[in-house]
Every structure is written in structure tokens, then in C-alpha cells.
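**Q** Chains as they are written, first to last, in my numbering: chain A, 73 to 415; chain B, 73 to 415; chain C, 73 to 415; chain D, 73 to 415.
Rather than coming from a laboratory, the hints here were simulated on the basis of the structure. Mixed in with the good hints there might be a few duds.
All copies of an identical chain are treated as equivalent in the list; a pair is satisfied when it fits inside any one copy or across any two copies.
What the hints assert, rightly or not - Lysine to any residue pairs mimicking SDA-like chemistry, simulated, CA-CA at most 25 angstroms apart:
#, residue 1, residue 2
1, K154, Q236
2, K154, E235
3, K214, Q331
4, K211, Q183
5, K339, Y94
6, K287, F137
7, K75, L124
8, K75, W184
9, K214, E340
10, K260, R107
11, K260, Y117
12, K287, Y400
13, K339, G123
14, K260, P148
15, K164, P132
16, K211, R257
17, K260, G150
18, K339, S125
19, K209, S326
20, K339, D126
21, K287, N243
22, K211, S323
23, K339, E404
24, K287, Q374
25, K154, N176
Number of protein chains: 4
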Amino acid sequence: MVKVGIIGGTGYTGVELIRLLYMHPQAEIVAITSRTEAGRSLAEYFPNFAGLSDLEFTEPASTPFQFCDLIFFATPNGTAMKVVPELLSAGKKIIDLAADFRLNDAAVWQQWYGEEHACADLLNEAVYGLPEINRAKIKDAKLVANPGCYPTSVILGFLPLIEQGLVDPANLIADAKSGVSGAGRGAKIGSLHAEVSENFKAYGVDGHRHLPEIKQVLNAVGDNNVQLTFIPHLLPMNRGIHATLYANISSQDSTDLTQLYRDCFRKEPFVTVLDAGVHPETRAVRGTNRCILSVNRVSDRQIVVLSVIDNLVKGAAGQAVQNMNIMYDLPETTGLETVGLLP
Amino acid sequence: MVKVGIIGGTGYTGVELIRLLYMHPQAEIVAITSRTEAGRSLAEYFPNFAGLSDLEFTEPASTPFQFCDLIFFATPNGTAMKVVPELLSAGKKIIDLAADFRLNDAAVWQQWYGEEHACADLLNEAVYGLPEINRAKIKDAKLVANPGCYPTSVILGFLPLIEQGLVDPANLIADAKSGVSGAGRGAKIGSLHAEVSENFKAYGVDGHRHLPEIKQVLNAVGDNNVQLTFIPHLLPMNRGIHATLYANISSQDSTDLTQLYRDCFRKEPFVTVLDAGVHPETRAVRGTNRCILSVNRVSDRQIVVLSVIDNLVKGAAGQAVQNMNIMYDLPETTGLETVGLLP
Amino acid sequence: MVKVGIIGGTGYTGVELIRLLYMHPQAEIVAITSRTEAGRSLAEYFPNFAGLSDLEFTEPASTPFQFCDLIFFATPNGTAMKVVPELLSAGKKIIDLAADFRLNDAAVWQQWYGEEHACADLLNEAVYGLPEINRAKIKDAKLVANPGCYPTSVILGFLPLIEQGLVDPANLIADAKSGVSGAGRGAKIGSLHAEVSENFKAYGVDGHRHLPEIKQVLNAVGDNNVQLTFIPHLLPMNRGIHATLYANISSQDSTDLTQLYRDCFRKEPFVTVLDAGVHPETRAVRGTNRCILSVNRVSDRQIVVLSVIDNLVKGAAGQAVQNMNIMYDLPETTGLETVGLLP
Amino acid sequence: MVKVGIIGGTGYTGVELIRLLYMHPQAEIVAITSRTEAGRSLAEYFPNFAGLSDLEFTEPASTPFQFCDLIFFATPNGTAMKVVPELLSAGKKIIDLAADFRLNDAAVWQQWYGEEHACADLLNEAVYGLPEINRAKIKDAKLVANPGCYPTSVILGFLPLIEQGLVDPANLIADAKSGVSGAGRGAKIGSLHAEVSENFKAYGVDGHRHLPEIKQVLNAVGDNNVQLTFIPHLLPMNRGIHATLYANISSQDSTDLTQLYRDCFRKEPFVTVLDAGVHPETRAVRGTNRCILSVNRVSDRQIVVLSVIDNLVKGAAGQAVQNMNIMYDLPETTGLETVGLLP
């Protein structure tokens, strides 16, 4: 039984993490902290726990982290980096669901996140927690940087093509669409129902923080020559990311791309490759840790990959649990063997 | 391990039942029939099963029911009654998720469902599968009539008041609101996204089939003197029923109603009673077999009960699994211990 | 040409009022104030005006109200009452879309709105701006209290029954459902898309500010003996209110209720009465100043009235324009002759 | 006053056309035909007309087309072509909102629409009704092929770049997203609320009928060398198209693209170009005939154009009315001067 603490459990990533760990047969939630909601019961704050749980939010300062093996951070960016060194020193393992440890380069981090990194020396120690790439490293990691939601969907979608060097890395496009839970539970006008529903728009056309993260990973997989255009869009729904990925292949190439993808992900418990011409749907993965893909050659030169995940699960809390399972030698699918909720 | 067959698995009730049974540790799905989709794979038809299941829909006639202990009917009304007698004779147990065996009186059935009942003699043998009322009978039943979705939410909401005779039974009102999955997966204009979303309306103000079902059960609980006004409404969402129930109490009565409800449902694993003044939300029970209630005295005379369920789970497939668990002496919550998906 | 100023134009009521006045052939918007957005262009703030309008938000203090005939307040409750006396003294006419002048009794106002009323002496001078009741008074009014959204739908729905004394006034129920734009454009967690969509709940079961407003008006129409249970609910959609109204009639009464309603509203340009058994839909009135009703006798004693409006139009900005038209002797439908946007 | 007939008025394009023409000051609807709904009143069929209109659907055969100047077809593809020759002979003008006359080449038409064209000789007489390209021809046209919804948004978005030859025409990508009303009002499972809401997916990755239409128009504008990848997606909402367009520009080019677009559309009453970096939203154009664009240079080589329309208005019925206005020498914006409904 892994004893876990959750720092910052009042957002959507937090409540999903609590939900998954609550149902996990090998994990026990020892503490959930929240500065603003300390003293309040989880069941009152999140009504899906009404009648189920006696947990209460606690002040970070008075939280008995000494009883925890593993600490999850479900905090805003810039919070974990101020506390992690101390917790590591105390022998705790850490999974950070925010962006503090995702980039290797402190200068790049500062450029995109707007403040100096508080423990730049840990950036190279942290393991980027995408099991499909880094499973072996995650196993021994003390500090896991859980990937961003968009990066998870985009990297898994491009991975076989970049690994095999089949496409022009200088002309990649990721047209990505996310449900609004990806924007968090902060009280922002832009996330109101009356702003989001019956509406659709792009955002971040001038640049988005997930771009350097995706490029860093794809560059490491390939030959450090990735040029990516990444345009995120806001979907009028709660959960789900759909990435539509465009790449140019040599028109002489005749690889069976679906077979290539199936070979690449053969041993992956959470990645499914559909036949070409079949369209993955976000609802198929709702509430699950799965990624569903199809890869389509739509003309001589043009490949289109369709990739869906649940941004709160494979894109956040579920992937964090998958990482926990790996770190503690549990079967990787423990607590994650659910079928998507449809409709 | 209970071996189950599902007749009619292509609707929303069907896919939810398959989902729950697929994840159930003590059940095995042997066969799923569909006349229209025979030969097609479940994973292709319902994308949430892509990569998970090899099941195929089969023709009813060529389906090996001999290997099944229990048959679920997730068919339209009027289908099960034509086949059930034969299956009962063959020693199978039956849970019908449609309305064929919910009413005791064949004449009333015919009045509301528009055709003669095909096996009226079984109406009194069938057990109405609401465990909170009929647990003991369900245990020994061969044929369970799984309750309707609206009836489940309305009956549980009124139950303690009627049992205790605290309110005027001649002036009950149920203003009920349901997500559109309750209308089924038939291709009807009225269920189109562009008809349902950003819209709200009542329907069935002239009478709805669930009215006689509710009255029959409440009359049996009380003194056969229930007069109920039942107005259903269509919500612009997929899952969830919210019943707002109105009853008049003697103004001298000073019962602690919340305590009464908690006493009544003390042993029920799927019913939670909130404090008065707290508002149950449908999302709190999404994907779960739970009913959450609050009971509120809003004036000297007027009681307002708020009751929420997931129409596809406690209102259909989940309750059917709960009934299966009871019939097969399994812990009643087996396979149903999930936390609501929020958001 | 009526020259109008709008105080507080950054909410949903504000933008709808601007939209309607922008398209109104006899009104000219001279100024729109906003403390927080002063200096910002309307077209940048509300993208539906991009390319259409050069208006800018201005500071209230530097706004040339001297060029305005009529001032609309689309401000939060408690704002108008602090400014209105001065503007009235300056000879301006006022329509307040907030609640400051809706209640006659300053003590009741204070009880529900939590502060002392700043100009209680004006409460009896203000005219409640529901044209179907107060058209003659509105014509000569200097200060119009534009009705609340729920009150508009509920009062119009009960009006003929109360006027004619046909129902028991001591046992009225209004089960009302509103789209989330009724909660305003404030950045509140409870109004987030991920909280509202795929969810439904009641609120205010302990009491809602619109209750005293409805009772005051119905008491004035009837015999001051109204007892009303009013339960509001939040719909997962943006626009529209549906009130389901329950009343008890003497079972001997045989009035043709639909005819009664049609007679009552015969001259009303914005009220339509459907046949009994037909269900009004909120989308039928989306973007319009209309109220659509049906009245149904569902049993010997029980009447159910169904009433729909667009909460931002007939429930707010449209009714304000209707009041303006009356005050300035314009045809009452000027600028309001639109057909509902469907789908 | 233009006297118009509408053939096939029971779909979403039909009801929007009726709505716009009903409010149009210079048009009068003489007849609306429907084989299936003949004899039924418009007000009963489409509740937004309740209390407003006495029109009834009529049988095509018994419809007095002799009193019409102009006939709109809002029928499924393949219907108009069987009737248009006769109506043209009778001196009627025609605007077809379906696809029958959009392609010049009968063989290509047959390939994409699956049947032989019934009047291929008219294909070259028909004018493609995109006023921003063909205004002069539309003025004198007898037969206008109203453009498809996707083509309108994509063509307007690429137009200045192709006209000026600024981008590589062999590597264009249109990642387009449409609300579900674009799929029509047919009773299809794929358009059900419970299939569409809280879901997102691509479709037609193997090819979509709007691809040859877009290519034909862009080829005519440019040098007949357009290679376009067009991937449509289904949005969980009713109205609106957002096209995200990708093109490669020579990295030496330093044209001010926003200025180029503004110059190109300077005289267009329905096209607005936002500043680079600003994101058009579909709700800004809801219910309007407008197209809002921004053009963004996101890297040395990559241009991203964002383009939004309301698929039922500028993408269908509104553009048809715009074409009517042009054909009858009315001010082009007559009946179309509305502000988007927000929220």
C-alpha cells in the first residue's frame, strides 16, 4: 500500500487524482492540502465524494507528510519548485503534475513561465514522466515531471514517425483542441459556461507554453531538428483533447504506417491504434488513461495523425497514477482499468 | 462467476450495462445479441471498447443462451415479454430493463404501452427490482422487472414520507428533469443535438408511462391513495435525472425530516442524504449507482425533496447489476463502487 | 431619436441591451460606462461588435450624460440607488435593470439585499416595468424598475388565474429553471463551464430574492393572500427560463383555461398562448422579447402552466427596450420584431 | 418586393432562410413546400414561428410558383437539378442552397455525389454565389449555386494569399471544425445529442465533398495548382464553423499580411479582419452573415489564418439572401444587418 499525500487538491486535476487514488487498490490517501480550503471536508467541496469519504483539506504546514511515501503536486505552476528540494531531502518521492520540472533548460523555463526557476539544479534529475518513452527511468526516479496534456497527445501521435525519421521534421503542424477543464478551475471569465458553450476559437496563436515541451521531447527522440507549429483551440466541452497532426512524408515511401504504429505501441497498455480511415473520438477515452490514434496517408505527401486522450487522465492525473505504479513496481494498469463513459 | 447474456445491446442502456459487466469481477459476458448489428464487433460499434474487447453482436437465434445463467433484456418495450416465458422454462434467470414486467395489471399495461401483454400471467411473478423496497424478494426472484429511471428517482425521494404517512398523498407533485440519454439511441429528430442543446422544455404533460409505475409502487408502500402530478422535462445534457418533489405536511408536524430520511436509508449502500439546504447535483452521481437526496421544509406546510440519480446507472444498468448481485449472493456493491466523474 | 446612456455595460444584460439598442431604429447610444473597462473599445471587449461599432467604455464621472434623454442601469444591485436621485433631478428618465426599485417596502428590500436602501422615498415613485400589468403607468414614468427574469416568467404565467381568482392562492408552486447567463458575467467558480455543463441542480431552496418580488406583484393583482413556493434550478445552457407552475383549482370549475389566457393576453404583442398539451420551448424565444405559455388541466384539481422567456431579453434587456418604447410613444415592438434563433 | 418560394423548408437551412426572409423588408414568402409536411403549419413545425406566421407547407405539385419571382432550393443534394430546368424555362430565378450546381465538371460531380448529373449543360451557366469573388456575375445570374459552408470559410480565408501568389499552393491545409447543424436535420444516430455533446472527432479523413469545391474555386483564383488537405471535424455545438488554415510563405517575404487582407476585403460589408494575434470566435458571428478573420505569421515560413462564419447564415441561408439582394439591386446588407447573439 503506497501512502500518498496530495498538495493542492482543489482543482480539476486534483479532484481527478483523488478520485483515481480513492479507487486504487494499492494506494491510500493520507493527506490533501489546500491553503484556501483547509478544514473543509472533501465531501462538501466536491459533491461526488458526498457520503463516501471523511477526508479533509489540511494546511500544508500542519500536514503529516512524514507518513507519506509519495507526494503528488496538483498545484499551479511555480509552486512545487519551492518545496520539492526539502521533501526530496526528507526521502519522499515526488510526482509534479504542474510544469515546474518538465523543461531541461532553466532559461527556457523562465522565458515561458515568467519567473526564475527556484531549483534549476533539479531539472536534469527530474524524469519526464511519459512511460511510453521513459519507462525505465521512471522506475528509479525520485522526481517525476508529469507531462502536459497537449504534449502527451501530440508526442504520442508523432512518436513513431519521428523515431523512424519518416517525415520532414521542419514542417510539423499540431492543430490541437481541448476541453475547458484544461484551463483549470480558476474563476476566470474566459472559462464561464456562457463564454465557452456554443463557441469555438483558437488561442495562443502567438505561442503556448506546451510548445517548448513538445519540441524538447521530439528533438530528443529525433535529430534535434524539429520545427513545429502548434495551435491550440478551446472546445465547448469539459474533458478531452483531440490533436490533428500534419506531417510531410517522402512520396516514394510506402511504409504501412498503421502497422508501424502498432509495432511501436505493441507493448503499451494504454495506447490503441485504429485502422486508417477510422476517426478516434474523445468520448471513447473519457475517464480513462488511454490514448487512441489513427494514422492516415491522405495524399502522396501528406500524413494526418488523429490522437485523442482525456486531458485530466492520460493528460494529467491518470498518467501520474501510471507513473506511481511504475515507481512502486505495481502492475502498470492498477487502478486504471476502466472503460470510457459513453455517453 | 455469473455467466450473462445481453439481449439488445446497441442502445445507451445496453452499452452502459456492457461497460459495467465488463468491469465486474464476478460476471462474464457470454453473448450480446442484436438483430441489426449481428456480426459486427462491439469495439467497432462502441468506440469506448476499441482495443479492449473481442465480443461481437450475434443473431438472437444463433446465440448460445445455454451457456448463460442470467439474461438481461436491454430491448425496447414489448420485446422481452415475447421471449421471457421460454427462457424461464429453460431455467434462466431474467432481468428486464424495459417496462414489460413493471406493472401488475395487464389492462393498465395495455393502456399505456398500446398493445396486449403477451404473458400477463407472469406480471405477478415478476419482482419489481428496487432493492430499497424489495431486496428480500429480489434475492429469490427468477424474473426481475428493473425499475424505470424516473420512478427510481421519484420513489426513493418520496419513500420515507409515504411510509410514515407524513404528507397528504392526494397532492403530490414530481417535477422531473432528465438528460437526453433517457430517450434512447433511436434516430429521432427530437433527440438531435441541434434540437436538444441550448433548449429546455416539458413533455408528456398529457400523461407519461412512468406515472402508473410510480403510483403503483407508492400506493403499495402507503395506503393506496396516492394522487401524483408528474411532469417530465428534457435537459440539454446526456446523463442525469433530477426530481424536485413537492408534498404538503401538516403544519403542526415537527419531525426532523433529514433524520427520518437517514434512518430510513441507513443500511442502503447507494443512497446518501445531504443536510437540508444542500442541493444534490446530477454530476455527483455521474457514472455511479447512487441516489443523493435532500429534504427541505420550505414553509409551514411545504416539503421539497431533491433527488438525483444517473438515469443510465441507478436508473437502469447499474440497478440491474445491483439486482444481479443480490440474486447471486454477491456483495451488493460489487462492480459498482465508483466515484462520480467530475467534471 | 431617443438618446440613451448605459451605465454598466460589461455584463450579459449590458451586452444584450447594447445589441438591441444598436439595432433599434429610434435609439442612439450616446455613452456606455464602465469603471473597470473605461477607455476600452466595445468591439474589442465584445467580439460580436468587431468591425461594427466605434463606441468605447467611459468613466462614469467623465461621461456626458447631459446629452442623454434616458439612462439604463445594467449594474449590480445596489448601484443605481446611489446615483438615480441626482439623475432624476437633472431631468433624466431612468430604467433600472437591477433590483434597486422593484420592491415597495424598504425593510423587505434591506432584508433580501443586505444593505439599507439609499433612497427609500423613491420606491413608491418607481413603476414596476411589466407592461402587461403596468403599461399606463410606464407611459408616464420617470423611473422604471425593470422586472427580474424569474418574476417575468412566473407572473405572466400565473396572471390570468390570479386575476380571475380561479385557484387557491395559498398553494402555488413555481419550479423554475434558468440558463446560466442569469447568474451574470462575474468570474465565479459556480458559473464555470466545467461546473455547469452536463450538470443540473436546484439552488436557493432556502429562499431567493425573486420570491418577494413575485409575491408583491401577484398580491397586488389578487387579494394579498399569495403563498408561493419558488424553487429555482440552474440549466446547463446559456439563455432561457422555463417556469413550470402548479396551482389547485376547484374541481367543479370548468373554465376553458386556454381561452381565458388568450383573452387576457389578446392585445399583448409579446405573449403567445399555445394550445393545451403543447409544450413551449426556450429556444422558440431565444433572442426575442416574447413569452410563450400553455395552460394545462392535468387532473380534476391540478393546473400546470408552462412559461418560457429569454432571460436576457423579455427577462431583462428586451423588456427594458419595450419600456423605453412605451415611455417615448414609439410603437411598442420597435426594434424587438425578431424571430427566435433556431437552432 | 421580391416574391419568393422556398422548396424544402423543413431542415435547418430551410428554417434559417425562412427566418431571414420573414424579417426581410423587401421580400415576401409566397410558398414553402415540403412533401412530408404538406398541410402542416410552419408555426407548429418550427416553434420560433408560433404566434407569428400563418404560412403552411404545401405540396410541390400544388404550389403556386407562378406568383414567385425567385425560388430558393433548401433541399438535399440531387433534388434541385431535376426541377430547375423547368423553372428556368418558366422565367424564374433560382438560388440553390444545395450542391447541385457548385461544380463545373459533371464527371467530378458524379464522382462525389454518386449519381449522374441531371442537367450537366446548366453547370457552366450557374454562377457560384460567393459575392466576394463573383459579385458582378451574380447580379445578372438566373441560376446561383450557393456555396457550401466549409468552402465559404476556407476560400475567404485563403483568398488574398492565393490571389497574390504569396504562398506555396501545393501545401495548403484546412483544419476545419463545424457545429452539428451543418449535418442537417435528418434523424441520424451520429447527430444525436448523446453522440455529439461532450465529444469531438474528425470525419471524412478519406475525402469530403467540399474538397473539390474549394479546389475548383481556389484554382480559378490562382494558377490551377492548388493541393489542399482538408480535414473536417464535428464540434459539440449547433452553429458555427472555424477554419484554421495553414500555408507556407517564402521566408524572405515581408508583406504586412493583415493590411493585405484589409485591402482585399475593404469594400466587403460582411468580412472583418482582426489584428494579427487576435482570435476570431464563432459566437461573434452567430446568427449573422459575417466572416471574421485574422492572419498570423507564426514563424518564418508558416502562416496561420483563422476564419469564422455561422454555417447556417454566411455558410448557407444568409449568403443566399445576400445573393438575392444582389440579383434584385437591393442594398446588399438588406435584412442582414444583425449583431451576433452573445452569449
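**Q** Evaluate each hint against the coordinates.
**A** Hints versus structure:
no.: 1; hint: K154 / Q236; verdict: neither (39 angstroms within a copy, 53 angstroms between copies)
no.: 2; hint: K154 / E235; verdict: neither (35 angstroms within a copy, 54 angstroms between copies)
no.: 3; hint: K214 / Q331; verdict: neither (36 angstroms within a copy, 49 angstroms between copies)
no.: 4; hint: K211 / Q183; verdict: neither (31 angstroms within a copy, 55 angstroms between copies)
no.: 5; hint: K339 / Y94; verdict: between (27 angstroms within a copy, 22 angstroms between copies)
no.: 6; hint: K287 / F137; verdict: neither (35 angstroms within a copy, 55 angstroms between copies)
no.: 7; hint: K75 / L124; verdict: within (19 angstroms within a copy, 30 angstroms between copies)
no.: 8; hint: K75 / W184; verdict: neither (34 angstroms within a copy, 48 angstroms between copies)
no.: 9; hint: K214 / E340; verdict: within (23 angstroms within a copy, 43 angstroms between copies)
no.: 10; hint: K260 / R107; verdict: both (19 angstroms within a copy, 19 angstroms between copies)
no.: 11; hint: K260 / Y117; verdict: both (19 angstroms within a copy, 15 angstroms between copies)
no.: 12; hint: K287 / Y400; verdict: neither (29 angstroms within a copy, 55 angstroms between copies)
no.: 13; hint: K339 / G123; verdict: between (39 angstroms within a copy, 13 angstroms between copies)
no.: 14; hint: K260 / P148; verdict: both (15 angstroms within a copy, 18 angstroms between copies)
no.: 15; hint: K164 / P132; verdict: within (15 angstroms within a copy, 56 angstroms between copies)
no.: 16; hint: K211 / R257; verdict: neither (31 angstroms within a copy, 45 angstroms between copies)
no.: 17; hint: K260 / G150; verdict: both (19 angstroms within a copy, 24 angstroms between copies)
no.: 18; hint: K339 / S125; verdict: between (36 angstroms within a copy, 17 angstroms between copies)
no.: 19; hint: K209 / S326; verdict: neither (34 angstroms within a copy, 46 angstroms between copies)
no.: 20; hint: K339 / D126; verdict: between (39 angstroms within a copy, 18 angstroms between copies)
no.: 21; hint: K287 / N243; verdict: both (12 angstroms within a copy, 22 angstroms between copies)
no.: 22; hint: K211 / S323; verdict: neither (40 angstroms within a copy, 45 angstroms between copies)
no.: 23; hint: K339 / E404; verdict: within (12 angstroms within a copy, 36 angstroms between copies)
no.: 24; hint: K287 / Q374; verdict: both (21 angstroms within a copy, 16 angstroms between copies)
no.: 25; hint: K154 / N176; verdict: within (17 angstroms within a copy, 57 angstroms between copies)
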